[in-house]
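2 protein chains.
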Amino acid sequence: MKQKLIITIGRQYGSGGRLVGKKLAEALGISFYNREIIELAAQQSGMSEEAFEKVDETAASSLLYSIATGAYMFGNYVSPQVDLPLNDKLFILQSEIIKSVAIKESCVIVGRCADYILKDRKDVINVFIHASKEARKQRAIDEYGIAANKVENYLNKIDKKRSTYYNYYTGEKWGYSTNYQLCLDSSVLGIEGCVHMIESFIHEQSAKTK
Amino acid sequence: MKQKLIITIGRQYGSGGRLVGKKLAEALGISFYNREIIELAAQQSGMSEEAFEKVDETAASSLLYSIATGAYMFGNYVSPQVDLPLNDKLFILQSEIIKSVAIKESCVIVGRCADYILKDRKDVINVFIHASKEARKQRAIDEYGIAANKVENYLNKIDKKRSTYYNYYTGEKWGYSTNYQLCLDSSVLGIEGCVHMIESFIHEQSAKTK
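Listed in order, the protein sequences are those of chains A and B. Numbering-wise (our numbering), the first sequence opens with residue 28 and increments by one. Numbering-wise (our numbering), the second sequence opens with residue 28 and increments by one.
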């Protein structure tokens, strides 16, 4: 039987981490999960995909803020048993999907605290992709059409959102090296270089355990 | 002319990062600097190597503490122009040595904020080696003869010392992925695996810039 491969990829905005994951999955001939997890969460819960997209990779707001903004799914304002914010519901659903996907098949999973959710499995490789600010700004302008005069601010905002999300749900520090087995700078290596490095990691790890 | 290679290695205590650096330097046929930098600092300053060793990779203490412990080299208690603490003197000397070594030759430099000291050079590869706590404890017991009942405490103490030293002199966070181009978990890869991964990195980076 071929070795099972589960690779999670955390990534700074504009580092090309999603693309690294996609190309890696293609190269290895295994499944790729990014926004696909939201689709699955929507299907399984019968909730709207659009509603989930709005709170994807966003930490839950405070209780009062959630009530004020109507961010409750099934808010029960009469009973003292208030429902969970949509963010928390999505996190729980995504966690279940990520766990069941990892049981079922080899795959690459991008973002969504997958490294933390799968921390009890011993067969997971956790990767973090980052890049220089200059390279990330350029990618945001070229690939995502962000206006040049707004890119710095946008970058900081998304970084803040992702780190808050990760730190909130895991209690760990997003992007801190010890949370991952491999961290790579894509501005030095390029997308293909990162893919090759993860393939080398799989090879070296397998050589060590033989 | 062969490509110049300057590789800095930051490392958690017990991760085997020093050994990775030594084996890498051997494999590449380039110089290796770890405690050798203290020897050079002692030679160049005419100071005692033992005195330097005591404060190596240790952040400067507060002024009062330094005076109390006699940690001043040429403390002038009469003049208001007090001298620098020994830690700071060593840091400055090491910085000068690291910079001149990097100008002179290809090399691997372990610890001592070399990544930060050489940050203005574009031809440096900064690596951070970490490992699981279990693996680090075992290495500390097996390789450094630390008593099993004291190893946990010892590990935490050295980690704290190294991170305080790095954060104090660089203003950056020790072990945070974005300070390095490559971070590796040696408990998953082994020492040889880490050496191979750094060699792969050099290859991929060179392939990208061609």
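Worth double-checking, as some hints may not be accurate.
Pairs count within a copy or across copies, as identical chains cannot be separated in the list.
Claimed, not checked - In silico DSS-like links for lysine-lysine, alpha-carbon gap of 27 Å or less: (1) 187 x 31; (2) 160 x 131; (3) 81 x 149; (4) 177 x 188; (5) 50 x 235; (6) 177 x 126; (7) 200 x 187; (8) 146 x 160; (9) 164 x 200; (10) 146 x 200; (11) 235 x 164; (12) 126 x 81.
Calculated from the structure, these hints are not laboratory results.
Comparing the hints with the structure gives:
1. Neither within a single protomer nor between protomers do residue 187 and residue 31 lie at most 27 Å apart by alpha-carbon distance, with minima of 33 Å and 37 Å respectively.
2. Taking identical chains as interchangeable, the C-alpha atoms of residue 160 and residue 131 are never at most 27 Å apart, the minima being 37 Å within one chain and 30 Å between chains.
3. For the identical chains of this complex, residue 81 and residue 149 are neighbours neither inside a copy (32 Å) nor across copies (40 Å), given an alpha-carbon limit of 27 Å.
4. Only within a single protomer do residue 177 and residue 188 lie at most 27 Å apart by alpha-carbon distance; the minimum there is 17 Å, versus 40 Å between protomers.
5. Taking identical chains as interchangeable, the C-alpha atoms of residue 50 and residue 235 lie at most 27 Å apart whether they share a chain (25 Å) or sit on different chains (17 Å).
6. Neither within a single protomer nor between protomers do residue 177 and residue 126 lie at most 27 Å apart by alpha-carbon distance, with minima of 37 Å and 37 Å respectively.
7. Taking the shortest Cα distances, residue 200 and residue 187 sit within 27 Å of each other both inside one copy (12 Å) and across copies (17 Å).
8. In this homomeric assembly, residue 146 and residue 160 come within 27 Å of each other (Cα to Cα) only across copies, at 15 Å, whereas the closest approach inside a single copy is 29 Å.
9. In this assembly of identical chains, residue 164 and residue 200 lie within 27 Å of each other by CA distance both inside one copy and across copies; the values are 23 Å within and 23 Å between.
10. In this assembly of identical chains, the alpha carbons of residue 146 and residue 200 lie at most 27 Å apart whether taken from the same copy (14 Å) or from different copies (24 Å).
11. In this homomeric assembly, residue 235 and residue 164 come within 27 Å of each other (Cα to Cα) only across copies, at 20 Å, whereas the closest approach inside a single copy is 38 Å.
12. In this homomeric assembly, residue 126 and residue 81 come within 27 Å of each other (Cα to Cα) only inside a single copy, at 23 Å, whereas the closest approach across copies is 49 Å.
When each numbered hint is compared with the structure, violations occur for hints 1, 2, 3 and 6.
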